[in-house]
Amino acid sequence: MSQIDKYIAKATAGLPSRERIDTSAELRVHLNAQIKKHMLEGHNQEEAEFLAVDAMGAVAPVNRQFLGHLFTPQLGWRLVALALIAIAGWFGINKLLEPKAGIYQVNTNTNDLMLAMRKSFYSFEFVAPENARSIRYFWAAPNQAPYTIYGNTFNSDTKIRYTVTLNHEYKCPEHQMAAISTIETRHVGKLNENAAVSATAKPSCVLQKKKPNSSFTYGAVNQPNRYAINTWYPIFKVQPSYNPREKTEDFLNPKNHFTIFVMFSNKDGSQGINPPEISEGGRLNGLRTLPEQVPNSVQNTDILVPSKTKSILIVGSSNQLRYSGYSIDLATRNNIKKLNFWLDHRYNKQLKSCLGTNWDIQFSFNPGERNINLCQNTFESPFRDFQKDEKLYGEFISRLFIMKFNKLDQWIPIYIIPNYDKNQIENPQASKDVNSWYILQVKFSSKRIPEGKMPFPNDLPKYKLTNPFDYHSLEAVK
Amino acid sequence: MENTLKQGTLDLVLLSILENTELYGLEILQEINIRTEGAFDFKEGSLYPVLHRMVKAGWIDSKWQPSTTGGAPRKYYKLTQSGGEALRRKQKEWRNLRDAIGHLVPFGRNA
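Each protein sequence line maps, in turn, to chains A and B.
Count along the first sequence from 1, then add 145; that gives the number in our numbering.
Count along the second sequence from 1, then add 4; that gives the number in our numbering.
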């Protein structure tokens with residue numbers, strides 16, 4: 146670099162691009178003219194350049210006037226460079242080296258040693274996007290598919306690892322294999338608060354038509370940065386999901402394939418957000434966790450109200466008795482979007498169980514009282530006076546069993562509840578032999594119906610239940 | 005001449021030089037040298053920041069033009085209306101100062 150170039154570079158350092166070029170050109174014209182003059186006076190090129198540059202004077206004050214600040218001295222620039230390097234280093238350590246948001250298939254061991262030995266599991270690592278406060282996931286399947294939303298709150302920089310196990314050595318009937326055994330969650334990396342809510346699927350037996358790993362269809366695995374906040378994404382599809390639970394043959398999962406969806410939310414995990422499939426009406430299991438001492442006696446479910454609904458009718462009936470129902474006139478209420486059912490099997494319990502924060506309207510139902518109650522403006526905890534040795538009607542085995550609620554003017558069965566007899570309470574085994582049951586049905590009406598207790602509707606469908614402990618055995622009676 | 009005195013009168017000198025003509029940087033320096041008989045010498049590099057400051061102040065305009073003597077285009081500076089007003093203001097200030105100093109210091113080469 147010639148003396149002229151060096152001078153111009155120093156004199157114009159820090160100027161905005163356009164101004165720097167303009168000034169450089171002007172200085173160069175000036176210097177060239179002076180060099181030419183000195184060369185005519187007999188100096189060689191090098192001498193002429195020296196004299197021309199020397200006549201310009203010290204560059205620092207010149208540059209300082211151009212820039213109007215103190216970055217011209219080398220020390221100033223060095224300090225700036227050091228600061229930039231420090232900032233870049235900090236950014237690199239804290240940001241660039243962190244795993245990008247997404248879901249990755251990873252090599253890891255499951256907590257189950259036997260499964261690890263069989264090498265029949267898959268693991269996924271969830272890395273939450275920036276600003277995420279919670280992760281929610283739910284299982285969904287077409288048709289008659291109960292599913293559950295799990296929510297979990299965590300620190301924004303938490304990674305979550307799911308281990309999805311494909312256990313093809315599970316004890317299944319001949320010519321069948323296990324498709325999925327466990328899904329476990331655990332935090333990895335920085336973890337300072339709540340433990341994960343774990344989802345566990347018992348081994349699923351399927352006809353062995355394909356290799357075990359073909360049971361998985363990945364949705365969005367290994368796609369960094371694909372995940373936006375508050376958006377549901379399918380992670381993988383598991384097929385099928387028939388889920389024998391020891392001898393009870395209880396169906397935890399749908400018969401058909403199901404998909405696990407996940408969403409990173411910037412809200413706390415306790416707040417409900419509707420999955421995409423049920424935006425037009427559907428069901429969610431209540432997000433709140435029930436205390437361990439009442440695992441099957443209380444059930445809490447949200448139901449989304451389809452649009453264009455003007456009235457909601459709730460009716461309970463049984464194969465032996467008729468119960469009165471209740472109607473809600475939505476025209477007298479504002480923006481009703483979500484119903485909540487709070488079912489309580491505790492014997493002879495005075496219901497004080499309305500939790501009115503996360504839904505718009507709530508019903509409670511107590512088999513002992515055989516009444517449908519509308520809860521309003523009551524926020525008492527149902528568990529506050531629960532005694533551990535309290536007598537229960539029996540295990541709450543009824544389930545909400547229809548997923549789609551988007552049809553109007555149609556009675557939809559939502560719960561089947563074994564109708565335990567009080568005399569059977571002392572003998573829990575005897576309660577398994579009940580042959581009476583009742584059913585809750587709901588209708589989203591397109592017509593306005595006065596609110597309040599209502600007489601038994603004539604158009605209520607009748608059902609028969611072959612097995613009161615299996616809601617799949619419900620059949621309509623013509 | 006003392007640097008501080010030159011600094012204080014530099015704007016007046018440049019505005020005066022450009023009052024009735026368009027000049028480029030080197031010409032401005034030469035004109036200053038001729039009209040002050042070499043008394044107002046300063047480092048060439050300091051000229052351009054002052055010119056740029058005056059452009060930003062709106063006192064002078066600059067424009068690249070082909071050189072009248074051949075060679076590379078040059079950046080010519082000329083006075084604006086605002087610059088003319090500034091010149092008259094500074095001339096008045098200078099006259100006031102000169103008169104005031106004149107009462108203290110007798111003018112004349114042999115004084």
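Think of the hints as simulated: they come from the structure by calculation, not from any bench.
Treat the hints with care, since some could be wrong.
[As the list claims (entries may be wrong)] Heads up, incomplete: computed chain A residues facing chain B, CB under 7 Å, no partners named:
# : residue
1 : I166
2 : S169
3 : E171
4 : A178
5 : A228
6 : A621
7 : V622
[To be verified] Covered, in the sense of this in silico footprint (three residues per stretch, anywhere, with C-beta under 8 Å from a C-beta of chain A), are these stretches of chain B:
# : region
8 : 19–27
9 : 75–87
Positions of the beta carbon are idealized from the N, C-alpha and C atoms, including for glycine.
Here's how the hints hold up against the structure:
no.: 1; hint: I166; verdict: violated, 12 Å
no.: 2; hint: S169; verdict: violated, 11 Å
no.: 3; hint: E171; verdict: holds, 5 Å
no.: 4; hint: A178; verdict: holds, 5 Å
no.: 5; hint: A228; verdict: violated, 26 Å
no.: 6; hint: A621; verdict: violated, 87 Å
no.: 7; hint: V622; verdict: violated, 92 Å
no.: 8; hint: 19–27; verdict: violated (count 0)
no.: 9; hint: 75–87; verdict: holds (count 5)
The structure is inconsistent with the numbered hints 1, 2, 5, 6, 7 and 8, although it conforms to all the rest.
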